[in-house]
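Following the hints, complete the assembly by docking chain R with the ligands onto the known chain A.
Those protein sequence lines, which keep their order, are chains A and R. Following my numbering, the numbering of the first sequence begins with 1 at its first residue and continues without gaps. Following my numbering, the numbering of the second sequence begins with 1 at its first residue and continues without gaps.
These are computed hints drawn from the structure, not numbers from a lab. Among the clues, some could well be false.
Straight-line alpha carbon distances no greater than 20 Å define the calculated SDA-like cross-link-like pairs of lysine to any residue that follow [claimed, not checked]:
hint : chain 1 : residue 1 : chain 2 : residue 2
1    : A       : Lys189    : A       : Ile266
2    : A       : Lys202    : R       : Leu9
3    : R       : Lys267    : A       : Arg25
4    : R       : Lys13     : A       : Pro234
5    : R       : Lys182    : R       : Ser228
6    : A       : Lys189    : A       : Pro361
7    : R       : Lys13     : A       : Arg25
The chain contents come next:
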Amino acid sequence: MSSELIKFGQGNEACAEGAFKAGARFYAGYPITPSSEIAEIASRRLPQLGGIYLQMEDELGSMAAIIGASASGVKSFTATSGPGFSLMQENLGVAIIGEVPCVVIDVQRSGPSTGLATKPAQADIMQARWGTHGDHAIVVLYPSTVQECFDLTVEAFNIAEMLRSPVILLTDEVVGHMREKFIIRDQVKVIDRKKPTGPVEKYLPYQPDEDGIPPMAAFGDKYRMRITSSTHGPDGFTNSNPVNARQMIERLYKKIMDRADEITYIKEYMVDDADILIVACGYTARVAKAAVKQLRNEGIKAGLFHPLTIWPFPEKQLKKAALDAEKILVPEMNLGQLVYEVERILKEKEVFGLHKSNGQPLFVREIVDKVKEVAK
Amino acid sequence: MAFQVEDYLREDKLPHIWCAGCGHGITVRALVEALAGLQIDPTSVVVTTGIGCFGKADDYLNTHCFHGTHGRALAFATGIKVVKPELTVFALMGDGDSVTIGGNHLIHAARRNVDITAIVANNQNYGMTGGQLSATTPEGSRTTTSVYGTAEPEMDLCSLVAAAGASFVARGTVYHVTQLQKIIQDAIQHKGFSFVEVVTMCPTYFGRYNWNQTLIERMNWLKENAVSKARYDKLPPEKKESAFMIGKLVEKDTEDFNTKYQRILQKAQNQG
Ligand SMILES: Cc1ncc(C[n+]2csc(CCOP(=O)(O)OP(=O)(O)O)c2C)c(N)n1
Ligand code: SF4
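Bound conformation, chain A alone (with noise of 0.2 Å):
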């Protein structure tokens, strides 16, 4: 007998509960609107499950305090919006260099700095990728419904967990806080963190398994287990060699990259035949397809590419379905982030943004209207 649980509920609610029913059980962090309800649920659902919740002085506190209680063995998560977020990347670059598995919450809100503070925006997809310093791959995963924000802060947990490193799951304000049904699904797929077997005199914490990906001990295991945030060699001590520090970057970078297609979810509507593609996601991914079927039914042939990992971003799967299109749609609520990386992979094509940014998110007749301009 199932027992699947049915909610009405938001995409904050979802996210926590698939957090929980990933195997979640330490969350710290600092309220934000509009990522709070993460935090108010987890404060009152962790502790029937028997874990904690913290509400630590920061949001630098926050991220080096999941990133310890799962060096200890715990999985951890966090949430957060725009502010927090760019207070969160000094250490979510110790997780990627430190291998610490772990879920990072970003419900984009309007900014810069304080911005519009409650209102949505898609602003955060390059902090996202490129917010912390240095060299670095990392997985962005972003749903467009409640039931994905459950299903992919899931696998969020579960890529974190596979690759030893931390997962972004980027949502934004419409998606945190509307409403629908979603399932807290009985049977998941739950993914834990190898853990080493070998003599405990010989154990390397940065010594990676032919999937180059190191076996983690936690602290308190009788493998000594060290966790660094310098560059460092295979025992988990600084080391300057350039030959090691190509080594160690190449090796963190290849083990995300390497596994691209593994971790890639895609969704596509009416591609098949689409003389123009559209290119979105999160919100602005659920307008476009309602964009399309308007299209379609005026005899425009539209079709819609949606990426729900968004980091590394699905180039082969672009360029398969972009095909026989002529034209591309990116619809951001930004002034210009995503189309980019679309212009980048799809280079022949005549690639098109939609941008706005002003609180708003984007409506259907905006991206009809636009479709049909740039068709003629």
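Below, chain R with the ligands without anything else, positioned relative to chain A:
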């Protein structure tokens, strides 16, 4: 199986990188002596560090280690200790680390009372980056970013942490090593957040620009100026200017965060 001092050290990583006359080695020695004294299993110890000369301390320790970012050691340590209360968790920080960039984490760690032992090596400047001004640089002192002397008064670490609610606050020096070991032992055994300030020295920078003394003379200066609270209270006002208190300054019985959180867990689970 008795643990020796060597069991806590990575002897293969020695000699350390610190300058001749630096106090950081003395502090690390006091820490490992304290651990050996208490016979704590090194695999149940996690040492978090920040960035700085003292932040290199984890390189020489054979415990679990977390080498984090500048100023954040306590925030990492908080995440570790709340989910693994059975471990002995340290945050080793410089003065720049602990109070200048990391002051917010410091006061909140003191308030939150998670059972972490914080050890701050206060050498009155930023050693690692070339002797710049810190929040603990005494007013008027010269540093590489205050060549005319600083106009900013220094922060008294112990008073700050005590005011923030810490249940264990103590100060030692790198001259009074036996006392320092004992203080660290007591700090480890204290349930709740414990704070140990170690007055130490950076002869390479702060010393060069400010002392008119040899290293030996500076050690003697520490010996004369660091006094117990009882002696400090009796000092004539003119002597109080350079003197400072050492020993335990605050020690009170409190419930630590994890103990209180247990009750929250129970409440949440009973209410369903
Ligand atoms: C965010 C950030 N800002 C600045 C630095 C540069 N930095 C490294 S160590 C340090 C100061 C170290 O001083 P302290 O903590 O007193 O330790 P000491 O070197 O004196 O032992 C600074 C400013 C850094 N690593 N990170
Ligand atoms: S620069 Fe100062 S603090 Fe750093 S190792 Fe040398 S003496 Fe010690």
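Hint check:
1. A/Lys189 / A/Ile266: Holds. A/Lys189 to A/Ile266 sits at ~19 Å (cutoff 20 Å).
2. A/Lys202 / R/Leu9: holds (17 Å)
3. R/Lys267 / A/Arg25: holds (17 Å)
4. R/Lys13 / A/Pro234: Holds, at about 15 Å.
5. R/Lys182 / R/Ser228: Distance ~15 Å between R/Lys182 and R/Ser228 Cα, so the pair holds.
6. A/Lys189 / A/Pro361: Violated - the C-alpha atoms of A/Pro361 and A/Lys189 are around 34 Å apart, more than 20 Å.
7. R/Lys13 / A/Arg25: violated (36 Å)
Consistency note: the structure conflicts with the earlier hints numbered 6, 7.
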